[in-house]
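Those protein sequences? They're chains A and B, same order as listed. Count the first sequence with our numbering and you get residues 3 to 550, in order. Count the second sequence with our numbering and you get residues 4 to 726, in order.
Be aware that one or more of the hints could be misleading.
DSS-like mimics (lysine-lysine), calculated; alpha carbons at most 27 Å apart, straight line [as the list claims (entries may be wrong)]:
hint	chain 1	residue 1	chain 2	residue 2
1	A	Lys37	A	Lys50
2	A	Lys411	B	Lys130
3	A	Lys189	B	Lys182
4	A	Lys399	B	Lys182
5	B	Lys645	B	Lys64
6	B	Lys701	A	Lys447
7	B	Lys130	B	Lys486
8	A	Lys231	A	Lys141
9	B	Lys486	B	Lys476
10	B	Lys32	A	Lys411
11	A	Lys478	B	Lys182
12	B	Lys476	B	Lys604
13	A	Lys231	A	Lys50
14	B	Lys130	A	Lys478
15	B	Lys604	A	Lys399
16	B	Lys653	B	Lys671
17	B	Lys645	A	Lys189
18	B	Lys523	A	Lys399
19	A	Lys411	B	Lys182
20	B	Lys403	B	Lys486
21	A	Lys478	B	Lys64
22	B	Lys671	A	Lys189
Derived list of chain A stretches under chain B, where covered just means 3 residues or more per stretch with a C-beta under 8 Å from a C-beta of chain B [as the list claims (entries may be wrong)]:
hint	stretch
23	43-53
24	362-374
From the structure, some residues in chain B lie toward chain A, with a derived Cβ separation under 8 Å [what the hints assert, rightly or not]:
hint	residue
25	Val198
26	Leu647
27	Val659
Everything labelled a hint here was simulated from the structure, so no lab data went into it. For clarity, every value in this text was computed on a predicted model and none was experimentally measured. Glycine included, every Cβ here is placed at the ideal spot set by N, Cα and C.
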Amino acid sequence: MGGYISTVFGSSILTWITFLPLLGMIAMLFIRSGKDDDTKANTDKIFKWMTVGITFVQLVMAVIIYLNFNNSLTGINNVDGFQFVEKVSWIKATLPMVGNININYFVGIDGLSAPMILLTALICFCAALASFSIKKSVKGYFIMYLLLDIGMMGVFVSLDFFLFYVFWELMLLPMYFLIGMWGGPRKEYAAIKFFIYTLVGSVFMLLVIIALYFSVGSFNMLDMMDPAKYLPGSLLAGVNTSWRFIAFAALFVGFAIKVPIVPFHTWLPDAHVEAPTPISVILAGVLLKMGTYGILRINFAMFPDGALHFQFWIAVLGVVSIVYGGLCALGQFRVGKRDLKKMIAYSSVSHMGYVVLGMSSLRPEGMVGAVLQMFNHGTITAMLFLIVGVIYERSHKRGLDDFGGLANKMPIFMGITAIAFFGAIGLPGLSGFISESLVFLGSFKTYPYLTMISAFGIILGAGYMLWALQKVFFGKLPAIWSGPWDPTHKIYKHDDVNAIELGALIPLAIVVILFGIMPNPLLNMMSASLDHLVEFVKVSPTLFSSIL
Amino acid sequence: MAPQTLLALGTVILLLPLLTFAVLIFFGKRMGRLSGHIGTAVLGIDVLLTIFVLITKYTTKFAETVANGDTGLFVKGALIQVKFTWFSIGNFDFRVGLGIDNLTAMMLLVVTLISFLVHLFSMEYMKDDSRFPRFYAYLGIFTFSMLGIVLANNFLFMYVFWELVGLSSYLLIGFWYEKDSAANAGKKAFLVNRVGDFGFLIGILFMYSTYGTFVFDEIFKSMGMGVLPFGSGTVLTIAGILIFCGAIGKSAQFPLHVWLPDAMEGPTPVSALIHAATMVAAGVYMIARVFPIFTADASTVIAYTGAITAFMAATIAITQNDFKRVLAYSTVSQLGYMVMALGVGAYTTGFFHLVTHAWFKAALFLASGSVIYAMHRSAHHLEDHHTDVQDIRNLGGLRKTMPWTYLTFLFVTFALCGVPFTSGFMSKDAILASTVAYGMLTGHWLIPLMGFAAVGMTAFYMFRLTILSFNGKPRNKIAEHTKENNFYIVFPLVILAAASVWGVYSLNPLNAHTGWFYEKIKQPESAVPVEYQWKHNLVEKEYDNNPVQGAIAGTTSAVEKEETITRFEEAVEQAHYPAMILSILIAGGGILFAFMIYQFKFFDADKFARQLGFIYKFSLNKWYFDEIYAMTVIGGTVLGAKLLALFDNKIIDGIVNGTSWITRLSAKFTGIFDNVVVDGMVNLTAKVTGIFGLGVGKIQTGRIQTYVILAVIGLITLIYIFI
C-alpha cells in the first residue's frame, strides 16, 4: 500500500477518472479536422494520440486507485466500506405530487467495482490503440469514443441509482453511433438491434427505479439495500412479497440483456460482427460486464430475497448459456459464413455463463470466481477481438476459410494468439483457468448436477478454439494470400504485427499470464466485499423478516 | 541432508527446463543450433541432480517434522513435502505444494533421463528442421510440466500440470503443422484428453467439496477417519472412477485410446518421450499417487479397463503396417497392463512395469526413429520422395546395415515380449501373477485371461515387426543403402537397452520381489473404510478380528504389519511360478509363430489374412473406433451445434425480428389510424367548429341594438326558468 491518495484538487479521484475524457472531448471540439488529405492526416493523428494519452492517464489513475485501495473494507451495503467516496447534492427540487426530489452525485467503489475500474481503464487504453485503423470521420469517432468511456466509468462508480441510470443511458448513445457509422455492411441493422434490445432492458430498469424511489424516498443505492429505509406499506417494502420478486425479475431481465444471457443474446453476434474492431473490444471487454455487475450490485444487494428465490433458475440460465453458447460457437463451423468474430461472440455468451453460474452459487468461491471471470473474460476476449482485427486489417477478410498457415508468416502474432486462445480454453497458467475453477468449486457445492453439465463447456471451448486456431494458423496458406500486394486496397499484406498492435496486445497478454500465475492481487482486492455480499444475501432476508 | 535441501533440489529440477523454454522461445532463433546444446546441457544437469536426489532419498531416513499450521515443511514416513498457499479467498487458502517420496524420486529419474536422451537424440534427428530451436523450447516446457505432475502433492497442481502437459503434447504432435494430418492429430489428442479431463475435473470437485482441501495426504487422512463424499461409499466409488477418467484420457485407455496412434504424426523423438515413456504414463502415475482412495468397485472398473485395453490394442497392433503405429498400439496395450495391475491392487508391480516399460519403449521408439532417419537419408540420397519409409513392407534387411540399431532393438523387443533375463520379463510376470491371484480371490478370471492373450499377441506382432524390418533381404534400394547413424542416435539406444537388463532391478532374474525396487516402493495403505475395500487386501489379523469396522488406515502399527501379509499377497506368491511358466510358453509360442510366417514362410501371411476375413479387417481398421466416434459422438455434437446455431439464427432471432416486424406493422396501422381517424377527428372537430362558428358569426352583427334585444331575451328566459 502506498500513501493514501483519494482526492485530487479536492475531488475524488473517481470523479477525475470518470470525467477526464470530457476534457479531451471539449479540446477536440475546438480542433478543426483538416480539409485536404495532408492536413487531415495530421489532425487525425492529433485526435488519435490525444485519446491514447487520455486513456493512458486514466490507466495510471486506475493503478493509483489500485495501490491505494484498502482490501479489508467491505462496501456493498455498508457506506463506510466504500472508498474514494464523493457525495455532492446534484438536483434538489420540489415537485407537485412527488414531493422533494434529492438526487446526489454520489460515487465510491468497493471490491466489486474496483476490479471493473481497472478493467475499463485497461481495455479503453488498448482499444484506443486499436482505433488507429479508423479512417472515416476520425474526429467524430474519438469524441464518441471518449463519451462512451465516461459512460462506462460512470456506471461502475455510481452509488446513486439516478446517476447510475444516467451513465447507463449515456453509454448507449455513442455505442449506437459507433456501430452504426463505423461498422460493417449490416451496421444499421446491428446498431438498431443493439439499441432497441438495450433500451427494452432500460425500460424495465427505469420502472423499477421509479418503484424503488417511491418505496424508499431517495435514489441512494445504499438506502435501497436497507429494509429499514423502506416506507411502511410502500410497494416494495417487506420481504418475499410478489412485488419484490417482480421487481427482481424485471431488473434481472434488464441486466440479462446486457450480459447477455440466453435467450436474450441475439443482439451480440450481430453487434460484434458489424462493429469495428476497437468497439468489439470494448463491447466484449467492458460492456457485457455491466450486466453482471448490475445483477450483483443491484439485483443481489437490493433484493436478496429475490436472489434466494430465483437462485436455482439463475444457475440454470448460467448453465444454459455456457452450453448453448459453446454449441453455437461450434456450430459456426457448419453454418453461415463461418465468421471468426461471430464464433468469438458466441464464445462470449458461453464464458459469461460462468459468471452467472458462479454468482448463483452464493458461495465465496463462486462469487469471487464470477467477478474474476468478468475481469478475465474482459482481457482475454479483448485480445481475441484485437487478433481478429489484426488479420482483418491485412486481408479485409474474417472468414475462417480465408486463412491458413499464418503461423509461418506471422510468428510473433502466432505466439500472442496462442496465449489468447489457450486463455479462452482455460489453460492453467493463464487467468481464465483460475476464475473458471473457482466458479466450478463454488457452484459444485451448491448445485453439483448443474455444475457437471456446465463442465461440458470446457470440452466445447477447446473444440471451437482449437478448430479456429487450426483453420487460421496451421495448414497451408491459401492462394489469395500469396498473391501480390495490392497497394490501392492495402490488402494481402501479411507482415507480422506492428508496434501499435503490439502496444494493444502485449499489456493484455501480460495481464492474462500474470493473473494466471498470481491471482492474489485481484482476489485480495475483491474477496472482502464479495464475502460480505454472499453473507448479506444469505442472511438478510431472514434478518429482514425478523426486523419487520 | 536436511529435507528442505532435498525439496529445494526438487524445485530446481522442476524449474530448470522451464528456464530453457523461456530462454529458447525468445532468443532461440538467434541461437540456432546452440539452443539444442543448451537444452541438452540443462537436462544433463537435471539428470545428475535427480540421481543425487534419488540416492539420498533411498539411503537416508529423515527425522519426522510437522510444521505449525497448514503450510510449511512436513516430513512423515517416506514422504517429504512442502505446502504453501497459492491464492486465497477471504480466510480460505488454496494450498498447494510439492512432495518427494520414493515413488516420486523414481519417476523423476524416468522423466529426466529419458528427456535427456531424447534431447541428445534430437540433436541429430532434428538438425535440418527449420524450427530446431522451437523444438527444444517445446521439449523444455514438456519436461517442466511432466516433472510438475510428478512432484505435485495435491490435485490442484496435478490438474494444472496435467493440462500443461496436454498443451505441450498438442504443440509437439502438431510440430509440423503445415501437414494437415499433424495439425489434426494434435487437435484430436487435446480434445480426447479434454473428455477425460472432464471426468477428472468433476472427480476433483467431489474431493474438494468433501474434504475442503486439494492436498493428497490430508484427503487420505480425512477419508481414513470415515469422511466420505455425501457420506456414501457409492459416491466415493463414482468419484474414484471420475478421477480415473483423467488417466483414461492421458494414458490412452479404452475407450479414449484413439488419439495416441494419431499422435505418431509428431517427430519420432517426441513419440519416444511423450507418447511412449512419460506423458502417457502420467495417468498410471496419477492412479498410483491417489491409490488409497479407490474402493473395491472402483478398482474393479480400473482393472477391467486396463485388461480390455491391453487385449484390444494387441489385436490391432498385429495387422498395422506403419512402423510407429505398431509401437503405438503396443504402448496402449502395455499401459493397459499397468492400469490393470493397479486395478487388481498390485501397486508396486504396476509402477514397476511403468518404469521398465519406459526404458524399453523409449528405446523401441528411438530405434524406430533411427530406422526412419536412416531411411530418409537414403531416400533423399536416391531422390526418391514417394516411398513411405515408415511402412514396414518397404523395409527389410536392416540387420546388416544398421547393426547397433538392430541389436538394441532386438534386446528391448525381448524385454517387451517378456523373455527371461530382461526387465520386462520380471515386471510382466509380476503383473500376470497378480491378475491370477485376483482371479483366484474374486472370480474375475476374464482379467488374467485377457492379460495372457495379450502376451501371445505382443510376442507375435513384435517379432513380425522385427523380422519384416531387420531380417531377410532389403525390399528396395532405399533399405539397401541405409547406413548406421552416429553417436547422438546410437548412444541413447545403448543406454536404454542397458537399463532393460534384469540385473538393474534384482539379481534374481526370476523374481523381482527380492530386489531393491520392491523394497523401496511400498504399497500405501488404503484410506477407504474397510467395508468398501476388498477383504483380501486387509491384513489377516484385522480381517479376522474386525470384519466390518475398526481397522482404519493408519491405526495399525508398522510392526504388526510386517508380521502379517494379506491374502492377496499370499495368492500372488502362489501364482508366481505357474503364471511365469505359462507366460513363457505363450510368449514363446507367439515368437515361434511369427518366425514360421515371416521368416520361414511356412504359411503365406496374405492368404492367412484373407482366410480370417472380417476379423482381419476388424483389426486392420482398429475396431472401427474412429468411424464409430465420427458417427456418434462427434457427429452428434456437430449436428447438435449446427441445429442449435440454426435455431439461434432462425427461431430466437426470428422471434426478435418478428417482434420488430409486428411493431413496425402496428406502427404502420397506428400511423394510418393516426392519419385517418385521429387526425380525421381533429379535422372534423375543426370543421364542425368552423361551421358552427360561421353560423354563430352571423349573430355578431356589431350593432348595439341587436345585442340589447338579445340580452333582454336572455334575461327574460332566465327569470322565467328560475322563478
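The hints, checked one at a time:
no., hint, result
1, A:Lys37 - A:Lys50, "holds, 17 Å"
2, A:Lys411 - B:Lys130, "holds, 22 Å"
3, A:Lys189 - B:Lys182, "violated, 38 Å"
4, A:Lys399 - B:Lys182, "holds, 24 Å"
5, B:Lys645 - B:Lys64, "violated, 62 Å"
6, B:Lys701 - A:Lys447, "violated, 89 Å"
7, B:Lys130 - B:Lys486, "holds, 17 Å"
8, A:Lys231 - A:Lys141, "violated, 47 Å"
9, B:Lys486 - B:Lys476, "holds, 15 Å"
10, B:Lys32 - A:Lys411, "holds, 15 Å"
11, A:Lys478 - B:Lys182, "holds, 8 Å"
12, B:Lys476 - B:Lys604, "holds, 14 Å"
13, A:Lys231 - A:Lys50, "violated, 48 Å"
14, B:Lys130 - A:Lys478, "holds, 23 Å"
15, B:Lys604 - A:Lys399, "violated, 61 Å"
16, B:Lys653 - B:Lys671, "holds, 25 Å"
17, B:Lys645 - A:Lys189, "holds, 25 Å"
18, B:Lys523 - A:Lys399, "violated, 62 Å"
19, A:Lys411 - B:Lys182, "holds, 16 Å"
20, B:Lys403 - B:Lys486, "holds, 9 Å"
21, A:Lys478 - B:Lys64, "violated, 58 Å"
22, B:Lys671 - A:Lys189, "holds, 24 Å"
23, 43-53, "violated (count 0)"
24, 362-374, "holds (count 3)"
25, Val198, "holds, 6 Å"
26, Leu647, "holds, 5 Å"
27, Val659, "holds, 5 Å"
Checked against the numbered hints above, the structure breaks hints 3, 5, 6, 8, 13, 15, 18, 21, 23 and satisfies the rest.
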